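Colleague: Between the sequences and the hints, there should be enough to build the whole structure, so can you do that?
Under this note's numbering, the letters of the sequence shown match residues 2 to 159, in that order.
Note that these hints are calculated values from the structure, not bench results.
It is possible that some hints are incorrect.
27 angstroms max Cα-Cα, derived DSS-like pairs, lysine-lysine [as the list claims (entries may be wrong)]: (1) Lys54 to Lys140; (2) Lys120 to Lys141; (3) Lys54 to Lys64; (4) Lys85 to Lys120; (5) Lys141 to Lys37; (6) Lys154 to Lys141; (7) Lys154 to Lys140; (8) Lys85 to Lys37; (9) Lys154 to Lys54; (10) Lys54 to Lys141; (11) Lys64 to Lys85; (12) Lys73 to Lys140; (13) Lys120 to Lys54; (14) Lys64 to Lys37; (15) Lys141 to Lys73; (16) Lys154 to Lys85; (17) Lys54 to Lys37; (18) Lys120 to Lys140; (19) Lys120 to Lys37; (20) Lys64 to Lys154; (21) Lys85 to Lys73; (22) Lys120 to Lys154; (23) Lys140 to Lys85; (24) Lys73 to Lys37; (25) Lys85 to Lys54.
Label pairs and their computed distance ranges (CB to CB) [said to hold, decoys possible]: (26) Ser127 to Gly62: 32 to 42 angstroms; (27) Ser119 to Asp148: 14 to 24 angstroms; (28) Phe149 to Lys37: 21 to 31 angstroms; (29) Asn142 to Ser119: 18 to 28 angstroms; (30) Lys64 to Gln153: 18 to 28 angstroms; (31) Asn98 to Ser131: 28 to 38 angstroms; (32) Ser100 to Ile124: 38 to 48 angstroms; (33) Gln125 to Asn40: 32 to 42 angstroms; (34) Glu39 to Gln125: 27 to 37 angstroms; (35) Ala135 to Ser55: 26 to 36 angstroms.
Keep in mind it's a predicted model, so treat the numbers as computed, not measured.
Note that the Cβ used here is the ideal one computed from N, Cα and C, for glycine as well.
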Amino acid sequence: LSFWLSDGSIPFMFARKKFIFMLIVLLSSAYLVSSKEENNFRDRVVNISESMKSNYSIPDGIKLSFEFREIKNAGAESWRYLIKGYVVIFDLNDFGNISDEELEGLLSHEFSHLETYSKMNWIQFSLYVSFYLADGNFKKNVERNMDFLAIQKGLEKS
Numbered sequence: 002l003s004f005w006l007s008d009g010s011i012p013f014m015f016a017r018k019k020f021i022f023m024l025i026v027l028l029s030s031a032y033l034v035s036s037k038e039e040n041n042f043r044d045r046v047v048n049i050s051e052s053m054k055s056n057y058s059i060p061d062g063i064k065l066s067f068e069f070r071e072i073k074n075a076g077a078e079s080w081r082y083l084i085k086g087y088v089v090i091f092d093l094n095d096f097g098n099i100s101d102e103e104l105e106g107l108l109s110h111e112f113s114h115l116e117t118y119s120k121m122n123w124i125q126f127s128l129y130v131s132f133y134l135a136d137g138n139f140k141k142n143v144e145r146n147m148d149f150l151a152i153q154k155g156l157e158k159s
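Modeller: Below, the structure written as structure tokens:
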């Protein structure tokens, strides 16, 4: 049984299947490479965060986890959830080639957010987030203060 036509070409149906098969192989390969990069980045985040977590006043017993997904208008975010605890989210598209030193600075900034959140009750935190999301000047001041706190608490002690 031959798939070739008399002029040496492949019938459209089989060419389309071959194209789809090749596309699946390429996408699978890209997924495996990105998964490997994500796992490498995740390992680096966990290792670096373990060494610097003690510089921050984050209460014991509160779960800290990391997520890796696309973020709109940011490269990293820190959140406080009632059930999930503290979550630091990274956008891998922004940090694929980040050095360990840069990652330490980024984590220091995000841990500064978490330390700030830990000093608030849920009502204060809700108001804080509302102002942060609604007022650009408030957000800019918060981010600037987190940078200063990161330098004071994180990078200074490294």
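Colleague: Confirm or reject each hint.
Modeller: Each hint tested on the structure:
1. Lys54 to Lys140: Cα-Cα ~24 angstroms, so holds.
2. Lys120 to Lys141: holds, 20 angstroms
3. Lys54 to Lys64: holds, 12 angstroms
4. Lys85 to Lys120: holds, 18 angstroms
5. Lys141 to Lys37: Not satisfied, since the Cα-Cα distance of roughly 35 angstroms exceeds 27 angstroms.
6. Lys154 to Lys141: Measuring from Cα to Cα gives roughly 20 angstroms; hence the hint holds.
7. Lys154 to Lys140: holds, 21 angstroms
8. Lys85 to Lys37: holds, 25 angstroms
9. Lys154 to Lys54: holds, 10 angstroms
10. Lys54 to Lys141: Given that 27 angstroms is the threshold and the Cα spacing comes to 25 angstroms, the pair holds.
11. Lys64 to Lys85: Between Lys64 and Lys85 the Cα gap is close to 7 angstroms, so the pair holds against 27 angstroms.
12. Lys73 to Lys140: holds, 15 angstroms
13. Lys120 to Lys54: With Cα atoms ~16 angstroms apart, Lys120 and Lys54 stay inside 27 angstroms; holds.
14. Lys64 to Lys37: Given that 27 angstroms is the threshold and the Cα spacing comes to 25 angstroms, the pair holds.
15. Lys141 to Lys73: holds, 17 angstroms
16. Lys154 to Lys85: Holds - the C-alpha atoms of Lys85 and Lys154 are around 25 angstroms apart, at most 27 angstroms.
17. Lys54 to Lys37: Holds: Lys54 and Lys37 sit about 25 angstroms apart, inside 27 angstroms.
18. Lys120 to Lys140: At roughly 18 angstroms apart (the allowed maximum being 27 angstroms), Lys140 and Lys120 satisfy the hint.
19. Lys120 to Lys37: violated, 37 angstroms
20. Lys64 to Lys154: It holds: about 21 angstroms lies between the C-alpha atoms, which stays within 27 angstroms.
21. Lys85 to Lys73: holds, 21 angstroms
22. Lys120 to Lys154: Distance of about 16 angstroms is within 27 angstroms: holds.
23. Lys140 to Lys85: At roughly 24 angstroms apart (the allowed maximum being 27 angstroms), Lys85 and Lys140 satisfy the hint.
24. Lys73 to Lys37: Holds, because 23 angstroms separates the two Cα atoms, which is no more than 27 angstroms.
25. Lys85 to Lys54: Roughly 18 angstroms separates the two Cα atoms, so the pair holds.
26. Ser127 to Gly62: 32 to 42 angstroms: Since the Cβ atoms of Ser127 and Gly62 sit about 22 angstroms apart, the hinted range of 32 to 42 angstroms is violated.
27. Ser119 to Asp148: 14 to 24 angstroms: This hint holds: roughly 18 angstroms between Cβ atoms.
28. Phe149 to Lys37: 21 to 31 angstroms: Violated, at about 36 angstroms.
29. Asn142 to Ser119: 18 to 28 angstroms: Since the Cβ atoms of Asn142 and Ser119 sit about 19 angstroms apart, the hinted range of 18 to 28 angstroms holds.
30. Lys64 to Gln153: 18 to 28 angstroms: holds, 25 angstroms
31. Asn98 to Ser131: 28 to 38 angstroms: Distance hint for Asn98, Ser131 holds at roughly 35 angstroms.
32. Ser100 to Ile124: 38 to 48 angstroms: holds, 40 angstroms
33. Gln125 to Asn40: 32 to 42 angstroms: Holds: the Cβ-Cβ distance is about 37 angstroms, inside 32 to 42 angstroms.
34. Glu39 to Gln125: 27 to 37 angstroms: Roughly 34 angstroms apart at Cβ, these two residues keep to the hinted range, so it holds.
35. Ala135 to Ser55: 26 to 36 angstroms: holds, 34 angstroms
The structure fails to meet hints 5, 19, 26, 28 from the earlier list, while all remaining hints are met.
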